[in-house]
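Undergrad: Sequence:
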Amino acid sequence: MFDHLMRELRKLEQGVSLPVSIPLDEQGYLDRQCPAVECRSQFKVLFNDWREKVQDEVVYCAVCRHEAPATEWNTSTQAAYMVSVTEAYVQRTVGRALRQDATHFNRQAKPGFVSIALDVRPGAPIAIVPLEAADAMRQTWTCERCGCHYAAIGAAFFCPACGYNSAIASFDYMLTHVRDLITNLPASRTALLTAYDADLASDTIRLMLENSLVRLVGSFQCYSEALFMQVPSSSGYKRRKNIFQNLTEVSSLWRTAVGSGYEALLLSQEYADLNRLFQQRHLVVHRDAIVDQEYLDKSGDHTYSIGQRLVVTEASVLLLTDLVAKLGTALRGLV
Numbered sequence: 016m017f018d019h020l021m022r023e024l025r026k027l028e029q030g031v032s033l034p035v036s037i038p039l040d041e042q043g044y045l046d047r048q049c050p051a052v053e054c055r056s057q058f059k060v061l062f063n064d065w066r067e068k069v070q071d072e073v074v075y076c077a078v079c080r081h082e083a084p085a086t087e088w089n090t091s092t093q094a095a096y097m098v099s100v101t102e103a104y105v106q107r108t109v110g111r112a113l114r115q116d117a118t119h120f121n122r123q124a125k126p127g128f129v130s131i132a133l134d135v136r137p138g139a140p141i142a143i144v145p146l147e148a149a150d151a152m153r154q155t156w157t158c159e160r161c162g163c164h165y166a167a168i169g170a171a172f173f174c175p176a177c178g179y180n181s182a183i184a185s186f187d188y189m190l191t192h193v194r195d196l197i198t199n200l201p202a203s204r205t206a207l208l209t210a211y212d213a214d215l216a217s218d219t220i221r222l223m224l225e226n227s228l229v230r231l232v233g234s235f236q237c238y239s240e241a242l243f244m245q246v247p248s249s250s251g252y253k254r255r256k257n258i259f260q261n262l263t264e265v266s267s268l269w270r271t272a273v274g275s276g277y278e279a280l281l282l283s284q285e286y287a288d289l290n291r292l293f294q295q296r297h298l299v300v301h302r303d304a305i306v307d308q309e310y311l312d313k314s315g316d317h318t319y320s321i322g323q324r325l326v327v328t329e330a331s332v333l334l335l336t337d338l339v340a341k342l343g344t345a346l347r348g349l350v
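Numbering (the numbering used here), first residue to last: 16 to 350.
Don't take every hint at face value.
[Unchecked claim] With a straight-line cut-off of 25 Å between C-alpha atoms, the simulated SDA-like cross-links for lysine to any residue are:
| hint | residue 1 | residue 2 |
| --- | --- | --- |
| 1 | Lys341 | Ala182 |
| 2 | Lys68 | Gln245 |
| 3 | Lys341 | Gln245 |
| 4 | Lys313 | Arg254 |
| 5 | Lys341 | Val246 |
| 6 | Lys68 | Thr157 |
[Claimed, not checked] FRET-style restraints, in silico, Cβ to Cβ:
| hint | residue 1 | residue 2 | range |
| --- | --- | --- | --- |
| 7 | Ala94 | Gln260 | 39 to 47 Å |
| 8 | Gln260 | Thr191 | 21 to 29 Å |
| 9 | Val73 | Asp312 | 47 to 55 Å |
| 10 | Thr344 | Gln260 | 15 to 23 Å |
| 11 | Gln154 | Asp312 | 36 to 44 Å |
| 12 | Lys253 | Ser36 | 51 to 59 Å |
| 13 | His301 | Arg254 | 20 to 28 Å |
| 14 | Asp218 | Ser36 | 43 to 51 Å |
| 15 | Gln308 | Ser248 | 33 to 41 Å |
| 16 | Thr209 | Cys79 | 29 to 37 Å |
| 17 | Gln323 | Met244 | 38 to 46 Å |
| 18 | Gln284 | Glu329 | 14 to 22 Å |
| 19 | Ser248 | Thr209 | 54 to 62 Å |
| 20 | Val326 | Thr198 | 16 to 24 Å |
None of these hints come from the bench; they were simulated from the model. Fair warning: this is a prediction, and the values are worked out from it, not measured in the lab. Don't be surprised by glycine CBs; every beta carbon is placed ideally from N, CA and C.
Working from the sequences, and respecting the hints, build out all of it.
TA: Here you go:
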């Protein structure tokens, strides 16, 4: 009785290829989303690069570097759109087969005391809402290794095509991000005081400043290492692991390689301030910001006593931003 329906169902079981058009934004970028549950960050890839540079076997998340095949990077909106297209296709296919079977049955039915007829009443068609590209991302990036173009809201640390970590681009972004954070800190403080009590608001601002100090130092260390690797003779220098975390040692390394260390690229007071702020970062990370004798000896900071808790100020964060920006520009001119 349901020959047409069974035939179509068998075809569906074998798999059907459906063309689905996913729109690009005005700049020709394709929306992508990390499939890792812990991340789910959204970014964009220039469609021509997605087609020509990205491999089908592996794509890298621009934020967390999660690896997955190219088929797994659709956004939640794109995935829902594809489901609706598939459901609409199945509905049309099954409905058409049922109507054909009903017509065939009714033609074969013989008149008698009891009359049976089949009537197919399909439900409302599944509406396919046109898919739109997401708003344009605020910042675009170009991979220094493979040339892939991608975009993201906020930092994008990895190239989707080759997974390369752009420490130089990330450092430039970090400088802008921290300066914007400090500029908007009064508004953030007001918003926190409105939503929470004074203690929680104060603790949140403190953590924001301490985190900015830590991230600035970490970003600069990665930046310095990435630049040093561009020095033609860099492979000939033996260096211990984590040497770029030590201000004195890495300055000596640069001096040996190119003739200028950090001290030569900054004024004496600037280098002293940089050293003090680097030591403050170490204190925040490893001592919960509690001052110890090692900090006093290495930083030359006599404003604290052992056992006090370090206070990271807005002025300190801005000073560190300016110092690493100046030093970073000078280092870039040496390679």
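Undergrad: Next, verify each hint and record whether it holds.
TA: We went through each hint and held it up to the structure:
no. : hint                        : verdict
1   : Lys341 - Ala182             : holds (17 Å)
2   : Lys68 - Gln245              : holds (24 Å)
3   : Lys341 - Gln245             : holds (19 Å)
4   : Lys313 - Arg254             : holds (22 Å)
5   : Lys341 - Val246             : holds (19 Å)
6   : Lys68 - Thr157              : holds (12 Å)
7   : Ala94 - Gln260: 39 to 47 Å  : holds (42 Å)
8   : Gln260 - Thr191: 21 to 29 Å : holds (24 Å)
9   : Val73 - Asp312: 47 to 55 Å  : holds (48 Å)
10  : Thr344 - Gln260: 15 to 23 Å : holds (21 Å)
11  : Gln154 - Asp312: 36 to 44 Å : holds (41 Å)
12  : Lys253 - Ser36: 51 to 59 Å  : holds (55 Å)
13  : His301 - Arg254: 20 to 28 Å : holds (22 Å)
14  : Asp218 - Ser36: 43 to 51 Å  : holds (50 Å)
15  : Gln308 - Ser248: 33 to 41 Å : holds (39 Å)
16  : Thr209 - Cys79: 29 to 37 Å  : holds (33 Å)
17  : Gln323 - Met244: 38 to 46 Å : holds (39 Å)
18  : Gln284 - Glu329: 14 to 22 Å : holds (20 Å)
19  : Ser248 - Thr209: 54 to 62 Å : holds (56 Å)
20  : Val326 - Thr198: 16 to 24 Å : holds (20 Å)
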